[in-house]
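Visitor: Work out the full structure: start from the sequences and follow the hints.
There are 4 protein chains.
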Amino acid sequence: MLVVMKTGAPQEEVEKVHRRLEQMEVNIAKIEGAQQSVFALVGDTAKLDLESIKSNQHVEKIIRVQQPYKLASRTFHPADTVVEIGDCKIGGGNIAVIAGPCSVESEEQMVHTATLVKSYGATMLRGGAYKPRTSPYAFQGMGEDGLQLLVKAREATGLPFVTEAMGVEAFDAIEESADLIQIGARNMQNYDLLKRAGKSTKPILLKRGLSATLEEFLMSAEYILAGGNPNVILCERGIRTFDTYTRNTLDLSVIPAIKELSHLPIIVDPSHACGKWSMVEPLAKAAMAVGADGLIIEVHHNPEKALCDGAQSLKPEKFGHLMSAVQKIIAAV
Amino acid sequence: MLVVMKTGAPQEEVEKVHRRLEQMEVNIAKIEGAQQSVFALVGDTAKLDLESIKSNQHVEKIIRVQQPYKLASRTFHPADTVVEIGDCKIGGGNIAVIAGPCSVESEEQMVHTATLVKSYGATMLRGGAYKPRTSPYAFQGMGEDGLQLLVKAREATGLPFVTEAMGVEAFDAIEESADLIQIGARNMQNYDLLKRAGKSTKPILLKRGLSATLEEFLMSAEYILAGGNPNVILCERGIRTFDTYTRNTLDLSVIPAIKELSHLPIIVDPSHACGKWSMVEPLAKAAMAVGADGLIIEVHHNPEKALCDGAQSLKPEKFGHLMSAVQKIIAAV
Amino acid sequence: MLVVMKTGAPQEEVEKVHRRLEQMEVNIAKIEGAQQSVFALVGDTAKLDLESIKSNQHVEKIIRVQQPYKLASRTFHPADTVVEIGDCKIGGGNIAVIAGPCSVESEEQMVHTATLVKSYGATMLRGGAYKPRTSPYAFQGMGEDGLQLLVKAREATGLPFVTEAMGVEAFDAIEESADLIQIGARNMQNYDLLKRAGKSTKPILLKRGLSATLEEFLMSAEYILAGGNPNVILCERGIRTFDTYTRNTLDLSVIPAIKELSHLPIIVDPSHACGKWSMVEPLAKAAMAVGADGLIIEVHHNPEKALCDGAQSLKPEKFGHLMSAVQKIIAAV
Amino acid sequence: MLVVMKTGAPQEEVEKVHRRLEQMEVNIAKIEGAQQSVFALVGDTAKLDLESIKSNQHVEKIIRVQQPYKLASRTFHPADTVVEIGDCKIGGGNIAVIAGPCSVESEEQMVHTATLVKSYGATMLRGGAYKPRTSPYAFQGMGEDGLQLLVKAREATGLPFVTEAMGVEAFDAIEESADLIQIGARNMQNYDLLKRAGKSTKPILLKRGLSATLEEFLMSAEYILAGGNPNVILCERGIRTFDTYTRNTLDLSVIPAIKELSHLPIIVDPSHACGKWSMVEPLAKAAMAVGADGLIIEVHHNPEKALCDGAQSLKPEKFGHLMSAVQKIIAAV
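Protein chains in written order, with the numbering used here: chain A, 1447 to 1779; chain B, 1447 to 1779; chain C, 1447 to 1779; chain D, 1447 to 1779.
Just to be clear, a hint being listed does not mean it is correct.
Same chains, same names: a pair is fine if it fits in one copy or spans any two.
[To be verified] Calculated lysine-lysine pairs in the BS3-like style (CA-CA distance at most 27 angstroms, straight line):
{"no.": "1", "residue 1": "Lys1761", "residue 2": "Lys1648"}
{"no.": "2", "residue 1": "Lys1462", "residue 2": "Lys1476"}
{"no.": "3", "residue 1": "Lys1648", "residue 2": "Lys1535"}
{"no.": "4", "residue 1": "Lys1507", "residue 2": "Lys1751"}
{"no.": "5", "residue 1": "Lys1751", "residue 2": "Lys1516"}
{"no.": "6", "residue 1": "Lys1598", "residue 2": "Lys1535"}
Quick caveat, the hints were computed from the structure, so don't treat them as lab data.
Guide: In structure tokens:
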């Protein structure tokens, strides 16, 4: 970590900062630059809080060299983490394809869709029982009844399922029934929820926030890991940019980047990223080519009647087409 | 609302969409363009969910003309909302200045700071008892003990106080003691929390999310209003852009924009927006000049010892300087 | 095109706007909404300039339904454009791989690199003779001498080459020697340059600006096409977002989007997008999987001695590895 | 400047980098961290090109401590630069208000508008003779004829004028007649144009690019200064963000930031930033409150007939209202 003093900072202020730094449990090297003094802090600086140093008006800036996360870092955990969910493995070369509707709507819908996506090669089922909706007037999900329908679809097909927990209140019920618990993009920095997930016995699917840097993304994973839950799967689902042609901008460079920085598996959600069913297949293929550990795809047996996100849902036969295209890419990679 | 068909959509598909639209409780005008058919939907379209229409592959796009919020809209509520918090009013020409430390740290700190900021003209106190921190290893706030210290500072000075609720769990305790309850930027779309806030008897300070559009911001306010709580104060605190010189980018154009779109009061948080104490005063002046209904400013009696956000905290005397500068602007406006 | 009047606009103002619109050569449908009047304009609205209508204070907004570009639009030109550059074709199923150093530095470098990239399967050579550099103190390129070295490399290998024109002044010299002329991201809206390119007999490689929407990107292509030059190849090279881990954020969803909107070929530059050589290969594979018509890759025989962009340049053998990986993806797609 | 080696970089690679750095004319301090080796480079690193070092696969990153600009930096030039344009001064406490139409359209328009804006207190005239337009089908400006009309308006009122140079070709003609030459946002990194401006005898108004960081903005100013022209005025005119309610997002925090980093004057263009005439006055007031050195405002005597940007143009009487409001803010600051 570097503490950079301002050009022309008085000698006594430089010394004052030096003395404050010496109180911390790190080694300090002072570098006298052409215009500025710089302190280099060596040691375990990940947990150091230098806010108070920054408030000195003669300090220009603080530059972090080391990553602020430890448990999520590949530096301290070189081997890929493999998360097991029933028979389904994700990470370390194991590819998972999660498919299903945006919202759980009926037993017929869930069992029918689950059967079809399994037949096309999906390894896990998705379906929202509690739905985060921009509008208070939009369908908010079936809640606990929806969970029961997911359980029925699992019983009918053997597919484990993932569903979203929007808050701490409904977490217990979801934890009891779900195989994998999703924390959505809007809740990526809902710290109460992250802490609860850290105490869960179930693996967590953590979606990247719409404007989250990689560091923030991994720090949110760190919350869960630090709480005691080692089973975290990351998910890129598009970030917010100036471009409005697609709902969000899918950031596929995040996949090789996360692979460098962290040992955690990362999957891609092309459906939410683009918001248009016609672009899901090409983006799914790109996700596999770039090295993602899996996909999560919205599939609805009748998108024109979907209560949520119909525009980005694939019909089952289109999902079948996607699966065969994706499998060719997986084979090529 | 407009439903735009794709160029070259088959006549039967255009008719199919027409029939679907006719099932909705709106009037429909069909416009035959040079290349495309367009349906114009007239009536109360705010609550219409057209996701399923969008999934028709011959529909190019849906364009919303009307705002999706109603309770937050100035169209249906032309007069400015004035929120009363004890003796302090915000909105409709009433300016509030909220000041205090980022985190509650000790009784001495809170009472001392409250007394000083009151003497310089602040009308409300701020202080975080529950702190959202990017790192799980950073100070997470004093919790309920912090609430008690805020109550003591209120007793000592008469200043009402605002503090943040990070989730539904601690909401009851905060609601009992706080005068104004903050929902932070990271929780702007934490819908469980918004629903809880909608049932609260206390006014809510809703901060804009880092990448929230104005529509999303007002839709989150709509959640609270639709829940039955009419007392919502909005707060601009900087958005996330490509620029990294300041912590966030303060978007002051949002003030006149919100004034056009909504009747709700809106204040500005220059401290979190810029992250540098040296820029707080000029941005506070600009906020007043552009028409904001108030300010929320971080003040710490000893920023170099602050447990959080010391870099952006003003010393009390600097806050005094800011207040006199700001008052000149208010007088000029 | 839609002209949306404000809620509560006086009847006489609505009529005034109506009369103004009637002066334009389009058909008008007036839609009376619940709160607002809306005029729908039908006809050839692409060239309509409605700035003056927007200045009426009772007009809320103008919504464009039709695309503002015509020559670049797939609507009016359904078949893929195929650009031919010597023996190399791009578009309509023809994949091109352009490779070479960021800057032309010496004859030995250019001929050596050209020979190697050709042996690995590249179909065109790249090399900058005129370099756009952020700093006035950085190496600005060899200029005309650099062009001569590119010509020598072409003579030695038979590979056609692309090089950048930074302005109108050096355009003639570049046009005379180059096979394909690049307009860089920073010049995407340099209209003098676009107009010059429109009069050129050589094909143009137009890179997307760092913050260009798809519409702006295609409007810049429209400038060239409208000038009389039908041979435009688009290039996605990363956009600017809040994320700083990579130099820019590669937007691969732009590929299927452009394929829907336009008939022009589009290639991908993963080197500039990420700025890190280690991420070039996975992103190149993703670009092929998502449906791009080609790649442009920085290759330097000795990146540690490169005068420019060494960090993102591949060594020739790494480029060879990339080519075999990419060819497997192409076969799979 | 810091060169950070990767965790686990082999000792011989660390030494190899050390030897490369020793060839540069700077002092080097090696810091052995807990996981990583870091080299600190001390001396005049502004002109150092470390691209080649970055290409070493064992180098994690390079962190620049010092600013890459020198002539534009306040460090080396503490006093405010004051630019004189006829009788009009900008910077160092001198406020300038530039007003006029987006495009020059007729003699009557220019002389009439110039007379009116002067009567309301404007100190300089603006008007575009060469217009950068997104669409090739939109009005492109009157060219040299427009310059003549600007000259006539100057003769009639005594107001100096600013107009935009879009490229090197028309620069001579503009330089001959204009008092201040604008380089537009889209050309902020048009280096041929910046180099030409550096050789000009006339002061330059450099607008910030839509996605330019402060460092890039100042580096573009550095191009002009390094060319020999010391008279550069910066202009903030809105940046591109995810928000679409306003045309761009006015970044007023850039004003105090630039004041810290540079000695150059900086003005604000609220008209282009918001694109809506109703928001121009509040943003102009905010710009003055935050410390800008001036304003540039679009005024048209008949916005509904303007050939360009009518939506954001003020009528002269509204400009008069703005001027009196702004003057109160200036007095208060």
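Visitor: Check each numbered hint from earlier against the structure, then list the numbers of those it violates in ascending order.
Guide: 1
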